[in-house]
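Could you slot chain B onto chain A? The hints should help.
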Amino acid sequence: ETGVTQTPRHLVMGMTNKKSLKCEQHLGHNAMYWYKQSAKKPLELMFVYNFKEQTENNSVPSRFSPECPNSSHLFLHLHTLQPEDSALYLCASSQDPLASSYNEQFFGPGTRLTVL
Amino acid sequence: KNQVEQSPQSLIILEGKNCTLQCNYTVSPFSNLRWYKQDTGRGPVSLTIMTFSENTKSNGRYTATLDADTKQSSLHITASQLSDSASYICVVSAIDNDMRFGAGTRLTVKP
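Protein chains in written order, with this note's numbering: chain A, 1 to 116; chain B, 1 to 111.
The shape of chain A in the complex, shown without the other chains (with noise of 0.2 Å):
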């Protein structure tokens, strides 16, 4: 385990309905991150929480809003979303925000999304 836990794990929805993806760090980290992996693209860079703060937003639609409530949680909210955006969405944390790239990112084990 890598100290990053992710719920549900599988998520089949609708379009008309509203979701919420949920992350979980037990690792002390001051960063959290989303990302979306499509089958056979490189991951994608969703949303940055920096000690709470949004640090960025890699031009997301709005069908998808995180939440930071402390730097142990972060969710996804999902709305009215599209068959496109069927993925594994990942989960990630790391210490220090501001030396990120050198700092592992520890993942969590995604939830596979499917939008029926």
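Honestly, I wouldn't trust all of these hints.
[As the list claims (entries may be wrong)] With a Cα cut of at most 20 Å, we get these calculated EDC-like pairs of lysine to aspartate or glutamate:
no., chain 1, residue 1, chain 2, residue 2
1, B, 57, B, 96
2, A, 52, A, 96
3, A, 19, A, 96
4, A, 36, B, 98
5, A, 41, B, 98
6, A, 36, B, 5
7, B, 57, B, 69
8, B, 71, B, 96
9, A, 41, A, 1
10, A, 18, A, 104
11, B, 110, B, 5
12, A, 19, A, 85
13, A, 52, A, 104
14, A, 40, A, 96
15, B, 57, A, 104
16, A, 36, A, 85
17, A, 40, B, 84
18, B, 71, B, 98
19, A, 40, B, 39
20, A, 36, B, 69
21, A, 41, B, 39
22, A, 18, A, 96
23, A, 40, B, 5
24, B, 110, B, 69
25, B, 71, B, 5
26, A, 41, B, 69
27, A, 22, A, 44
28, A, 19, A, 1
29, A, 36, A, 104
30, A, 52, A, 24
In case anyone wonders, no lab produced these hints; they're calculated from the structure.
For chain B alone, kept in the frame of chain A given last:
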């Protein structure tokens, strides 16, 4: 075009054999390069990290090389095991911490 290109896209080898995965990048100015291993149903786990001044680093049966002049890296796996079956992802970071991910190489080790 992605700034990090990995080859091959997929690879099948027999248990006990060696293999080499390639990563070419155009990320600049270069800071560091990581190789991650991602088992099916799990998140990526870091294997090695190399900075500009390092040209080789080992982690057990995994050996990564870096040629910063040609902007190429390789991951060599020695005496492969069934548990090596996974996707291997190359991640290159620029000095401003901008990270670029490769699409990965899917390795299958067969008995």
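Comparing the hints with the structure gives:
With a C-alpha separation of about 23 Å, the suggested pairing of residue 57/B with residue 96/B is violated against the 20 Å cut-off. Distance hint between residue 52/A and residue 96/A is fulfilled; the C-alpha atoms sit about 13 Å from each other, no more than 20 Å. For the proposed pair residue 19/A and residue 96/A, the alpha carbon gap of about 30 Å is over 20 Å, so the pair is violated. For a cut-off of 20 Å, the pair hint linking residue 36/A to residue 98/B stands: about 16 Å separates their Cα positions.
Distance check on the hinted pair: residue 41/A and residue 98/B sit about 18 Å apart at the alpha-carbon level, within 20 Å; holds. Proposed proximity of residue 36/A and residue 5/B is supported: the alpha carbons are some 18 Å apart, at most 20 Å. Restraint check for residue 57/B and residue 69/B: the C-alpha separation of about 17 Å stays at or below 20 Å, so the hint holds. Restraint check for residue 71/B and residue 96/B: the C-alpha separation of about 18 Å stays at or below 20 Å, so the hint holds.
For the suggested pair residue 41/A and residue 1/A, the alpha carbons sit about 25 Å apart, so the restraint of at most 20 Å is broken. A hinted pair counts as satisfied when its Cα atoms are at most 20 Å apart, and residue 18/A with residue 104/A does not qualify at roughly 32 Å. A distance of roughly 25 Å separates the Cα atoms of residue 110/B and residue 5/B; the hinted pair therefore is violated under the 20 Å criterion. Taken as a hint, the residue 19/A and residue 85/A pair is honoured in the structure, with Cα atoms around 13 Å apart against an allowance of 20 Å.
Taking the CA atoms of residue 52/A and residue 104/A, the gap is near 19 Å; set against the 20 Å cutoff, the hint holds. For the proposed pair residue 40/A and residue 96/A, the alpha carbon gap of about 30 Å is over 20 Å, so the pair is violated. Restraint check for residue 57/B and residue 104/A: satisfied, since their Cα atoms lie roughly 16 Å apart, inside the 20 Å limit. Restraint check for residue 36/A and residue 85/A: the C-alpha separation of about 9 Å stays at or below 20 Å, so the hint holds.
Simply put, residue 40/A and residue 84/B have alpha-carbon atoms about 19 Å apart, close enough for the 20 Å limit, and the pair holds. Under the criterion of a C-alpha separation no larger than 20 Å, the hint pairing residue 71/B with residue 98/B is consistent with the structure, at around 17 Å. As the CA atoms of residue 40/A and residue 39/B are separated by approximately 15 Å, the hinted pair is consistent with the 20 Å bound. Using a Cα cut-off of 20 Å, the hinted pair residue 36/A and residue 69/B is violated, with the two alpha carbons roughly 31 Å apart.
Between residue 41/A and residue 39/B the alpha-carbon distance is near 16 Å, which keeps this suggested pair within the 20 Å criterion. With a C-alpha separation of about 33 Å, the suggested pair residue 18/A and residue 96/A falls outside the 20 Å cut-off, and the hint is violated. Pair hint residue 40/A plus residue 5/B holds up; C-alpha atoms about 12 Å apart against a cutoff of 20 Å. Of the pairs offered as hints, the one joining residue 110/B and residue 69/B is violated, with about 35 Å between alpha carbons and a cut-off of 20 Å exceeded.
Straight-line distance between C-alpha atoms of residue 71/B and residue 5/B comes to about 11 Å, which keeps the hinted pair within the 20 Å bound. Taking the CA atoms of residue 41/A and residue 69/B, the gap is about 26 Å. The hint is violated against a cut of 20 Å. A distance of roughly 18 Å separates the Cα atoms of residue 22/A and residue 44/A; the hinted pair therefore holds under the 20 Å criterion. The hinted pair formed by residue 19/A and residue 1/A fails the criterion: a straight-line CA distance of about 25 Å is larger than 20 Å.
At roughly 18 Å between alpha-carbon atoms, residue 36/A and residue 104/A fall within 20 Å of each other, so this suggested pair holds. In summary, the hint linking residue 52/A to residue 24/A is supported, as the alpha carbons are separated by about 13 Å, within the 20 Å threshold.
Hint violations for this structure: numbers 1, 3, 9, 10, 11, 14, 20, 22, 24, 26, 28, all remaining hints satisfied.
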